[in-house]
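K.L.:
Every position in the sequence shown, counted from 1, becomes a number in the numbering used here once 170 is added.
Fair warning: there could be bad hints in the mix.
[To be verified] Across the chosen pairs, the derived CB separations fall in these ranges: (1) P360 / P279: 24 to 30 Å; (2) A836 / P362: 19 to 25 Å; (3) R448 / A632: 34 to 40 Å; (4) D306 / G762: 50 to 56 Å; (5) R463 / T273: 39 to 45 Å; (6) T244 / D280: 27 to 33 Å.
Since the hints were derived computationally from the structure, they do not count as laboratory data.
In this text, a Cβ means the ideal position worked out from N, Cα and C, and glycines have one as well.
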Amino acid sequence: MPVAYGLETFKDRTHERAEVMARLSDPRARMTAIIGRRGIGKSALAAKVAEQLASGGAGGGRAWAGIVNVSSRTSGISLERIYHDCARLPGPGVTEDLLEVWTSQRGTPDKVAQLFSALSGGPYLILLDNFEDRLDDRGELCDPELSDFFEVFFRTQHGARILMTTQVPLALPPELRRYQARLYLDQGLPVPDAVELLCELDADGETDIVRASRQDLERAVRRVYGVPRALELIAGALSEDYLTLPTLDEVLDTFVERGDVIAYLAQDRFQRLDAESRLVLEVLAAFGRPASRDAVSWVLGPLAPDVDVPAALARLASHGRMVTVDRARRMFALHPMDADFIYGELPRDGLLGYRSLNRRVAGWYARQKPVRDQWRSVEDVQLHRYEFAHRIRAEDYEPAAVVLDEIDYFLTWRGSVGAARDMHQQLSGRLDDDETRLAHLVGFSVALLVGGPHRQAAQVLAEAAGLAERLDDQPRLAQALFALGDTHRQLNQLDEAIGPLRRAVELEDRLGDPERLLRALMSLSLTYSYRGEVREALEVADTMRVRALELSIDLGRAQANDSAACAYLASGDWSRALAMADAAIALYEEVGVTEALGYVHNVQGVAFLGLGDVERAEAEFLQANTDGAAVGSPRTEGICLYNLAWAHWTVGRYADALTAAARSKAAFERAAATGTEVADNMARAARAMLAGETDETARHLRAAAEKSKGNADFVPPAWLLAEAERLVAERLATGSAD
171 MPVAYGLETF
181 KDRTHERAEV
191 MARLSDPRAR
201 MTAIIGRRGI
211 GKSALAAKVA
221 EQLASGGAGG
231 GRAWAGIVNV
241 SSRTSGISLE
251 RIYHDCARLP
261 GPGVTEDLLE
271 VWTSQRGTPD
281 KVAQLFSALS
291 GGPYLILLDN
301 FEDRLDDRGE
311 LCDPELSDFF
321 EVFFRTQHGA
331 RILMTTQVPL
341 ALPPELRRYQ
351 ARLYLDQGLP
361 VPDAVELLCE
371 LDADGETDIV
381 RASRQDLERA
391 VRRVYGVPRA
401 LELIAGALSE
411 DYLTLPTLDE
421 VLDTFVERGD
431 VIAYLAQDRF
441 QRLDAESRLV
451 LEVLAAFGRP
461 ASRDAVSWVL
471 GPLAPDVDVP
481 AALARLASHG
491 RMVTVDRARR
501 MFALHPMDAD
511 FIYGELPRDG
521 LLGYRSLNRR
531 VAGWYARQKP
541 VRDQWRSVED
551 VQLHRYEFAH
561 RIRAEDYEPA
571 AVVLDEIDYF
581 LTWRGSVGAA
591 RDMHQQLSGR
601 LDDDETRLAH
611 LVGFSVALLV
621 GGPHRQAAQV
631 LAEAAGLAER
641 LDDQPRLAQA
651 LFALGDTHRQ
661 LNQLDEAIGP
671 LRRAVELEDR
681 LGDPERLLRA
691 LMSLSLTYSY
701 RGEVREALEV
711 ADTMRVRALE
721 LSIDLGRAQA
731 NDSAACAYLA
741 SGDWSRALAM
751 ADAAIALYEE
761 VGVTEALGYV
771 HNVQGVAFLG
781 LGDVERAEAE
791 FLQANTDGAA
801 VGSPRTEGIC
811 LYNLAWAHWT
821 VGRYADALTA
831 AARSKAAFER
841 AAATGTEVAD
851 NMARAARAML
861 AGETDETARH
871 LRAAAEKSKG
881 NADFVPPAWL
891 LAEAERLVAE
901 RLATGSAD
């Protein structure tokens, strides 16, 4: 029977188990090898499969006659051990005969042939666990007796099958490879399973793992790529270190430096490599993602010109999968955990230190990235983002800021505002050059403006505008003024918004950047709509449309229609609002700009409510919420969820209204944007309505209406006020009747 290690905490691996079962049932596959890095869960998977087979769960109507487990971690793997364990499978009489054969003077091939002759029934399963201990780094057997064992195993007919777990694939002659099936176990556990395992490892609550937040637990398992043994080591480091009493964060931060971790997870095979192969691994570790042969060669070129990179990569790929190969793309990669360990051993400075290697990797991506005219979607600036990441790892913050300045505006307005914001946060407080810092502050503020939190955007903008004035940088000043005005708009400070936006429009018109001009005009139009100045809002939208048509800018036409839709919404012209919103959505989708879709679907939802079509309104609000979440805009989510709450209210679904309003409040809190009180009052109104408290319901509806004034994206406050009056009048009428 197999060892039971890992079965109590084994997590599903449903797909992998099914694959192993299918290969064991295939008569052509005499041996199935589960191959993967140390700690990935190979032994537990094999043990679970063997347990399933032993309990009759083989599938396909196949009953296994016997199972043996031989592991290098218990009794050791040798021909003697395998022979004696397998000799017990056929039954007592045959066992005695086989033991006599073993003690005879026959040669090893003859003894093994007799064993397999006795195993002609079956089927029998031979589980060889941790078999890499009997192989060299090329996958060649170190034991002549085991070589004889496999020679006979593959070349004679019998009823035995081998299930092997190993870090290094067994090297077989070409004519025998067809009898071997390989399953590469390269991925750790899925996040939910890994979190469950981590909590089970602290069942008594000694290390506070079970009391950690779900977010912290998911971060922990992602940090170690869901590798089961790594999760066990995290729990062990927390429970067994009574000297420093580390927290979960501290263990994760020092994970690749801890001797108790490296001893169990780091691939000791890497230490036995020749100098050239080791250098190539260090470059792959610096890349941290699949890299081509040309990329590795270019990085190492001036640093180690004598290294034969193609030959070294070939050795690493063929010697026990020390690197994995994507043949279709001709790319080479390390397992992420191996990359972490190798990278963690690099010195900071020096010709082959991590700063030098990252500079070279960044240089490679800089050579490959497409020019601005070729950008169509955020995927087209992925190489810029790689370059930025390696500039940061090289601690070259000014060059990293220059790269970000190329793409942050594009990322922000193409639906990846969260990425732009995170990249700017990595630069905060690290820039000394004033011009570079100004570019960073302006880009950061725009990202905060779109993705929140808006109050932080206002703080950053104050610094940016002052620095731009001091440096007399007109383009940056125009950007800062636009962002400042739009921040005031979104904070519902409409009088303060008009001045900066008008000045931003004048500057952008003079500077000649049509995309930035149209963006500033759009914010100005929306501000007029929020103020209820519909005529002015439509005039600005018409100006946008004319400019966009003159310059053949489809995005500008989409923005013009979007602005007009909001103006018509503010005026209560529901049909025109819908028509303009439809046109805006079509153009936004055509040009691949997803950032604004949530707002436009929200406009459609309010318009459908105005027309009395609640079902279609709810569908639009749900779509708007999906769009907002997709681009990382909690403000969008907050607005459409608030409106969804009101849609539920209009058809008497007060419990649903309460749920949507609570979600809206949470979204506004994430954005640190105005709207939190609006959503909170809607939730309180729904709660009071469910409790039958009419006066409280009306009070909170009035408060929500008051707080939502000045934002045309919310359902009209008049609707809430009318509902409050209706409820009070109904209560009074009922009281009079009584």
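K.L.:
Taking the earlier hints as the rules, which of them does this structure contradict?
P.N.:
Going through the list in order, the structure violates hints 1, 3 and 5 and respects the others.
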